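J.: One-letter residues, chain by chain:
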Amino acid sequence: MARTVWDSTVGKKTVMAVSGVIMLMYLVAHVIGNLKIFFGPEEFNHYGHWLRTVGEPFMHYEWTLWLIRVVLAGAVVAHAVCAYQLSRRDIKARPSKYVHRKPQASYATRTMRWGGIILGLFIVWHVLDLTTGTVHSGGFQAGHPYQNVVDTFSTWYGNVIYIVAMLALGLHIRHGFWSAAQTLGVGSRARDRALKTIADVLALLLTAGFIAVPVGVMTGVVS
Amino acid sequence: MTSYTDYTTGEPAVDSKAPSGPVHERWDKRRFEARLVNPANRRKHTIIVVGTGLAGGAAGATLAEQGYHVVQFCYQDSPRRAHSIAAQGGINAAKNYRNDGDSIHRLFYDTVKGGDFRARESNVHRLAQISVEIIDQCVAQGVPFAREYGGLLDTRSFGGVQVSRTFYARGQTGQQLLLGAYQALSRQIAAGNVEMHPRTEMLDLIVVDGRARGIVARDLVTGKTDTYVADAVVLASGGYGNVFYLSTNAMNSNATAVWRAHRRGAHFANPCFTQIHPTCIPRTGDHQSKLTLMSESLRNDGRIWVPKAKGDTRPPNQIPEDERDYYLERIYPSFGNLVPRDIASRAAKNVCDEGRGIGPGGQGVYLDFADAIRRMGRAAVEARYGNLFDMYQRITDEDPYEVPMRIYPAVHYTMGGLWVDYDLQTTVPGLFAIGEANFSDHGANRLGASALMQGLADGYFVLPATINDYLARNPHQDPVTPEHPVVQEMLADTEDRLNLLLAVDGDRTPDSFHRELGELMWEFCGMARTESGLRKALERIPQIREEFWRRIKVPGTGEEFNQSLEKANRIVDYLELAELMCLDALHRAESCGGHFREESQTPEGEAARRDDTFAYAAAWEFTGTGVAPTLHKEDLVFEYVHPTQRSYA
Amino acid sequence: MKLTLRVWRQKNADADGAMSTYAVDGISSDMSFLEMLDILNEQLILSGEEPVAFDHDCREGICGACSLVINGEAHGPERTTACQLHMRSFQDGDTIDIEPWRASAFPVIRDLVVDRSAFDRIIQAGGYVTAPTGSAPEAHATPVPKADADFAFEHAECIGCGACVAACPNGAAMLFTSAKINHLNVLPQGAPERETRVLDMVAQMDSEGFGGCTLTGECATACPKGIPLVSITSMNKEWLRAARKAGKR
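In order, the protein sequences belong to chains H, L and X.
Using my numbering, read the first sequence as starting at 1 and increasing by one per residue.
Using my numbering, read the second sequence as starting at 1001 and increasing by one per residue.
Using my numbering, read the third sequence as starting at 2001 and increasing by one per residue.
These are calculated hints, taken from the structure and not from any lab test.
Since the model is a prediction, treat every value here as computed from it, not as a measurement.
Note that CB positions come from ideal geometry on N, CA and C, so glycine has one too.
Some clues are possibly wrong.
Using 27 Å as the maximum straight-line C-alpha spacing, the simulated DSS-like pairs for lysine-lysine come out as follows [claimed, not checked]:
{"id": "1", "chain 1": "H", "residue 1": "Lys97", "chain 2": "X", "residue 2": "Lys2245"}
{"id": "2", "chain 1": "X", "residue 1": "Lys2245", "chain 2": "H", "residue 2": "Lys92"}
{"id": "3", "chain 1": "X", "residue 1": "Lys2245", "chain 2": "L", "residue 2": "Lys1567"}
So the derived label-pair ranges between C-beta atoms look like this [unchecked claim]:
{"id": "4", "chain 1": "L", "residue 1": "Arg1551", "chain 2": "X", "residue 2": "Arg2088", "range": "32 to 40 Å"}
{"id": "5", "chain 1": "H", "residue 1": "Ile198", "chain 2": "X", "residue 2": "Lys2245", "range": "26 to 34 Å"}
{"id": "6", "chain 1": "L", "residue 1": "Glu1599", "chain 2": "X", "residue 2": "Pro2145", "range": "53 to 61 Å"}
{"id": "7", "chain 1": "X", "residue 1": "Pro2145", "chain 2": "L", "residue 2": "Glu1598", "range": "52 to 60 Å"}
{"id": "8", "chain 1": "X", "residue 1": "Arg2249", "chain 2": "L", "residue 2": "His1105", "range": "50 to 58 Å"}
{"id": "9", "chain 1": "H", "residue 1": "Trp114", "chain 2": "L", "residue 2": "Asn1387", "range": "39 to 47 Å"}
{"id": "10", "chain 1": "X", "residue 1": "Asp2150", "chain 2": "L", "residue 2": "Ser1103", "range": "50 to 58 Å"}
Far from chain L by the CB rule (all over 12 Å, computed), these chain X residues [claimed, not checked]:
{"id": "11", "residue": "Lys2011"}
{"id": "12", "residue": "Pro2051"}
{"id": "13", "residue": "Lys2237"}
Use the sequences and the hints to build the structure in full.
T.: This is the structure:
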């Protein structure tokens, strides 16, 4: 079965759909957590601490978090590898363009590849910025995520990178969610409208939810 | 030199394979008497099949399933594109699912009568018997026929019959049946039992020691001509309606395979029997490259009319009811708009000749759905004919829901073809002809929805049973290789002809000759024929032929993909076949089915058959280009359906 | 009408091609697009040039032979085949670009003619029901619900022209492949080979060098027979089902 899946374009698309759905579910949890920042440093930092102690006493400190990280990293890698291989294949399958170009499909569809690359780069920056603190702008303080977030969004480039990435995320989810439904075979003519609406709503809520944080910092609601 | 029209009459043509006894037992009897080939020996036999339409596709797949090695050819880029795909209406079968009084005998009777008593009873009865198996076979292949809500197959009635025996898949029955055969063939290609050569056109038949042993064919992509040898050759290359230039045939449908076989000894039977389909979209101008058929099923609900007055140019909606002439309903009250094709076509020609035709050039009649829309509502009409109405609107830019359709007859099908015996073998041993390429089952006129039936009957059931007998009696013991001198000679022949075409370098295009020939044939050998007209055509054709070889211009070379060369080479054969068609039409001084001689009509203007003189199939033997051929008559005996003047009044 | 045509000319599969410009005059709006090309070709032959090669046959929109990209769109601006496109869709003085299908799985043979045999091989991989002649049960032995029969028919309408591949930015053949799979897999007659059919046909499609699907929907927009995009979804579902079942064996 694994061989069948990996060798097939339809199988690789399935891998992308499943990994995409995993990442999407994570993002939903992530955005909910992020919004706690509007309730002050205590609640937000407490939430950050809780993340490391989830599952205790069954799990050791940070085990659950690491488990999630491993699954997520797996999903990102699988998603990216499949995307890369499929894109290579797609470009090879259509080597010569038409002399007469015509306007292409929707913006979201066309930006899947570039959007994906932007998001990949963003994830690297985001982890180095707020998880490891390697490229953090202020003095990174482990265990004080509230302050770290405020620091990041106190720089112009932090805001730009973040907001651009979140817009890309919205577009990516908009087409990606609907696409995944088609790949997993749950789409149908009757459900098409519902799926597109869910995709739009998800994309909008996630983008708005994530962007609320830098906007909050910029406007001084969060400081 | 004797004139072409001074043909001689040779020995009668005899169907030596025809079994005797009660008509319904003949097919069983023949199958039992036919020798079989041991399954283990079948793979040692190679059979060439030319064409991949309903007949060829079905035959190739079935022969391969039986274990033969099949080498198959089509000029199209894929076997799926053969012109059977364009058949719209349906396929007849005597299933009697409607309990409306249908039976094998009734289908047999209707077909013999519809063919105006110029078909063989034995063959037609076999066709009716097999019709029921065809539906079973196609359903098993996954052909999506129309179904009722209960999940069972739906049927409808079709021109010229009073029972509902026509199975259909919306307006695309031919497509669905062809894809069924194509898929069965694809399975055999994948299994290695069929060696498929698409984009390869047969240009000659190889006959060694009096037996068909292969073909010369040209790879249309590389331009290379090559020889292919086999133990038997099956032609399923379709009809020759494109002699008329404008027809409903595909642009590349052609007569080369059958004509080349004819030149190599296969007799050509009843070439003048051509079917003019009554419901086609009229031509719009000289640029017209082909004509488009509108399914005959439209006549189930549409009413055909012209203005009563000559030269009435008012728009149809402004012509009041009492100034319209619903001429088919008037002349044929019991069948009305559903009379057989030949009768409907001729009636349309008559009203147009009277000056009452409509549309540009007065070459058209109205097919009006206003009553049907009033009676059943627009939605019901749309459900039944929606795709046809859309097609009409796309071509004419007129909305048939609002204004009546304009239709006019067009060449559609050729009942004539290579003469074959009951086993579908031509006069060249080892050469078989199936589907529209042969002449056997439709007599002088084919009923609607019977072409698909015959093609599939020949391909799936008849040929695979009868070809065994030939192969069993002619065991594979004298291998002919491509190096054989006769094979080499025939290859050289073909190459010479192509080179000659390229060498002329004249000043006229292939299409210009084709169009000229087509116009001549339509005028003199079309819906109504006269002795003087046919003589005129017979005088003119050799002149066109002579001019062709002097002035044809074929650009490019023979060693490449060259569509002009393909075209020109096909016209060479049309220019000879057209002559035989006219001669056949001239010699048959009677009217029957699609062949209407103005000299032979009843006082009411209907076709008058002359059974005393012409109750035979005319099989012509080739004696040389432009040289008077030899006629072999096959007498037709009617034991079950007694010839009467057809009456649809 | 007077038109300027820019046509892709390519001598053979190995030669380089380029767009050539021609003028045609006296075009009537009742002509089909291919009849307009006929006029160009008559003109070219008489002026000693080689005519433009293009595939065409039935000219009724059903054989699937014609395969022209007209002004960047497979089969041109109307939802039909090029042979059923009429010149009334264009204006006097227009410049029209005519190119062949573009996909590495459809190599150009000459001018506007491409090799679509990859489609035949996809069908050969499993696009059939194994029902040798003579083995069929009585046609009414297995009723098929009308809805299933209609679903099958809707997909069986595919004419195999390849417009879906030509329109797809990835040169994917998903719509073509899904049409045949859906046609046969929904029918009881197709059930015994349901899993092998979809797995084998998709594998063949991949090995022919077609691209993957990114669900841009260009294929369904170009399809002259209106095969819907959701056809691909149904095939994906069939494929996943088959892959799961194959995994269990």
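J.: All hints are to be evaluated individually against the structure, with a verdict given for each.
T.: Hints, verified against the model:
Distance restraint check for H:Lys97 and X:Lys2245: the Cα-Cα separation of roughly 40 Å exceeds the 27 Å cut-off, and the hinted pair is therefore not satisfied. Pair hint X:Lys2245 plus H:Lys92 does not hold up; C-alpha atoms about 32 Å apart against a cutoff of 27 Å. Our distance criterion of 27 Å between C-alpha atoms is broken by X:Lys2245 and L:Lys1567, whose separation comes to about 52 Å. A hinted range of 32 to 40 Å holds for the C-beta pair L:Arg1551 and X:Arg2088, which are about 35 Å apart.
A beta carbon spacing of about 29 Å between H:Ile198 and X:Lys2245 agrees with the range 26 to 34 Å that was offered as a hint. Between L:Glu1599 and X:Pro2145, the C-beta spacing of about 58 Å keeps the proposed range 53 to 61 Å intact. In this structure, X:Pro2145 and L:Glu1598 meet the distance hint of 52 to 60 Å, their C-beta atoms being roughly 55 Å apart. The hinted window of 50 to 58 Å between X:Arg2249 and L:His1105 holds, with their beta carbons roughly 52 Å apart.
Range check, H:Trp114 to L:Asn1387: Cβ separation about 42 Å, and the 39 to 47 Å hint holds. Against the hinted window of 50 to 58 Å, the Cβ-Cβ separation of X:Asp2150 and L:Ser1103 comes to about 31 Å, which falls outside the hint. Taking the minimum C-beta to C-beta distance to chain L, about 8 Å, the non-interface status of X:Lys2011 is violated against the 12 Å cut. At roughly 6 Å from the closest C-beta of chain L, the C-beta of X:Pro2051 falls inside 12 Å, breaking its exclusion from the interface.
Every Cβ of chain L is farther than 12 Å from the Cβ of X:Lys2237; the closest lies at roughly 19 Å, confirming the non-interface assignment.
The structure fails to meet hints 1, 2, 3, 10, 11, 12 from the earlier list, while all remaining hints are met.
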